[in-house]
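Chains A and B supply the protein sequences, listed in that same order.
Residue 156 in the numbering used here sits at position 156 of the first sequence, and the numbers go up by one each step.
Residue 101 in the numbering used here sits at position 101 of the second sequence, and the numbers go up by one each step.
Hints are computed from structural coordinates only; laboratory data are not their basis.
Note that beta-carbon positions come from the ideal geometry of N, C-alpha and C, so glycine has one too.
There could be a bad hint or two in this list.
[To be verified] If you want a taste of the chain B side facing chain A, the calculated C-beta under 10 Å gives, among others:
| id | residue |
| --- | --- |
| 1 | Leu-39 |
| 2 | Ser-43 |
| 3 | Ala-55 |
| 4 | Thr-65 |
[What the hints assert, rightly or not] Label pairs and their in silico Cβ distance ranges:
| id | chain 1 | residue 1 | chain 2 | residue 2 | range |
| --- | --- | --- | --- | --- | --- |
| 5 | B | Glu-77 | A | Ala-197 | 53 to 61 Å |
| 6 | A | Thr-63 | B | Ala-9 | 51 to 59 Å |
| 7 | B | Gly-16 | A | Ala-235 | 29 to 37 Å |
| 8 | A | Glu-220 | B | Arg-79 | 58 to 66 Å |
| 9 | A | Thr-109 | B | Glu-12 | 31 to 39 Å |
| 10 | B | Ser-97 | A | Gly-194 | 55 to 63 Å |
| 11 | A | Arg-29 | B | Glu-12 | 25 to 33 Å |
| 12 | B | Glu-12 | A | Thr-174 | 33 to 41 Å |
| 13 | B | Ile-24 | A | Gly-194 | 48 to 56 Å |
| 14 | A | Glu-220 | B | Asp-64 | 26 to 34 Å |
| 15 | B | Asp-64 | A | Thr-174 | 19 to 27 Å |
| 16 | B | Gly-130 | A | Glu-175 | 25 to 33 Å |
| 17 | A | Glu-175 | B | Glu-20 | 17 to 25 Å |
| 18 | A | Gly-194 | B | Ala-56 | 41 to 49 Å |
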Amino acid sequence: MRLSHTRGCVLVAGGGSALGTASATLLARAGVPLCLTAGSAEAAARIHNAFSAAHLSCPPVLTVRMEDTARADALPEQAAAAAGMPAAYLLDLMHTDHESLLASASPDTISAYIEANITWRARLVRAVSRHMLHRRCGRMVFVSSTAAALPAAGQGLYAAAKLAAEALYRSTGTELAARGITTCSLRLGYVAAGRGARYLKQHPDLLQRIPLQRAVDVHEAAGALAFLLSDGAAAINATAITMDGGLTACK
Amino acid sequence: MTQQTAPCAVTERVIGIIAEVLDIPPHTITPETRILRDLETESIDLLEFGVGLNAAFGIPVADDTVFLTSLRVHLEEARHADADPYKMMAGRYPHLSCDRVACILRTLDDGPVLSVQDIADYVLHALRAGQHEKAPSHAG
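Using the sequences and the hints, build the whole thing.
Below is the structure:
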């Protein structure tokens, strides 16, 4: 794995999830400098525990909530200050938790969800783009979901937010690639970790629908994300690719 | 006035940023150079100018204001509202002098009006506003 923008760190936004900690520790083992964000003190503690268990020194962890809209504007500079170097990469795993039938969600919930997951993210992408543009290099990878293509009941807002985020990253990749900044999204299917693991435990029959007959392992997903951040994946730009064991290829 | 906020130093630095982004010799750019008419400038270049201004001067940069991006839209709105275009310009572009506003309104039909000096004036205005905000208050 080679990340050539060595004068900068990877900003792992949403590093407190199982996939976030798996990705961050994988990158840290490869000697990649990091700055992570966590949505709560508990998430920050999970990060510290994951690094401790891996016998790695923990990188800076900023507590950032997507409900704090203005924070998105300042995050790249705050990450650079914490890491002691600019953010040359963004790995975006952030998402707020909400699932319900669209028609049953309250109007206020809908507004807050859109504000957090779309407006916040658009402002983050804007801020990170400007941060990277100054040095004319950067790579952004967004963790999307197969729900963007095939949402299950209750995933209307989630799917809308993922599709909107993919569009933001796609446009950034088309607009700024000539200036050395590229993007891509990874649509993950069922991942056997965190919320995904709990859901699969409740619905084990879902695995039978996947041609691979199993969920994506969290370390497989982390490896794919590390590759997508690397120099070898730079031409995978302004697009979304799918990692779901073949789930969305089937009727 | 500090070295950085001296008008000529600001204009010189702005020219340097533009020259660097467009990869052209600085001496080919003057304060009167019109960014979108005299130089081969695209929207992504304006974005880079904005990033460069922010980095060089440490000022917040509102691209829409500094590059007069929506000037014609705002003038059209003022026309529809039967509002005074000079007042509209003074409100939206406080960094531009009255003479400059008059010149812009007079030459609007000739093409894009944004000049290097307009950008330098935006920077000077932002720097002065920043100094004003930082100045200790003796009130009370």
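Hint by hint, here is what the structure shows:
no. : hint                               : result
1   : Leu-39                             : violated, 17 Å
2   : Ser-43                             : holds, 9 Å
3   : Ala-55                             : holds, 5 Å
4   : Thr-65                             : violated, 16 Å
5   : B:Glu-77 to A:Ala-197: 53 to 61 Å  : holds, 54 Å
6   : A:Thr-63 to B:Ala-9: 51 to 59 Å    : violated, 41 Å
7   : B:Gly-16 to A:Ala-235: 29 to 37 Å  : holds, 33 Å
8   : A:Glu-220 to B:Arg-79: 58 to 66 Å  : holds, 60 Å
9   : A:Thr-109 to B:Glu-12: 31 to 39 Å  : violated, 53 Å
10  : B:Ser-97 to A:Gly-194: 55 to 63 Å  : holds, 59 Å
11  : A:Arg-29 to B:Glu-12: 25 to 33 Å   : violated, 48 Å
12  : B:Glu-12 to A:Thr-174: 33 to 41 Å  : holds, 34 Å
13  : B:Ile-24 to A:Gly-194: 48 to 56 Å  : holds, 52 Å
14  : A:Glu-220 to B:Asp-64: 26 to 34 Å  : violated, 44 Å
15  : B:Asp-64 to A:Thr-174: 19 to 27 Å  : holds, 21 Å
16  : B:Gly-130 to A:Glu-175: 25 to 33 Å : holds, 30 Å
17  : A:Glu-175 to B:Glu-20: 17 to 25 Å  : holds, 20 Å
18  : A:Gly-194 to B:Ala-56: 41 to 49 Å  : holds, 44 Å
Hints 1, 4, 6, 9, 11 and 14, counting from the list given before, are not met by this structure.
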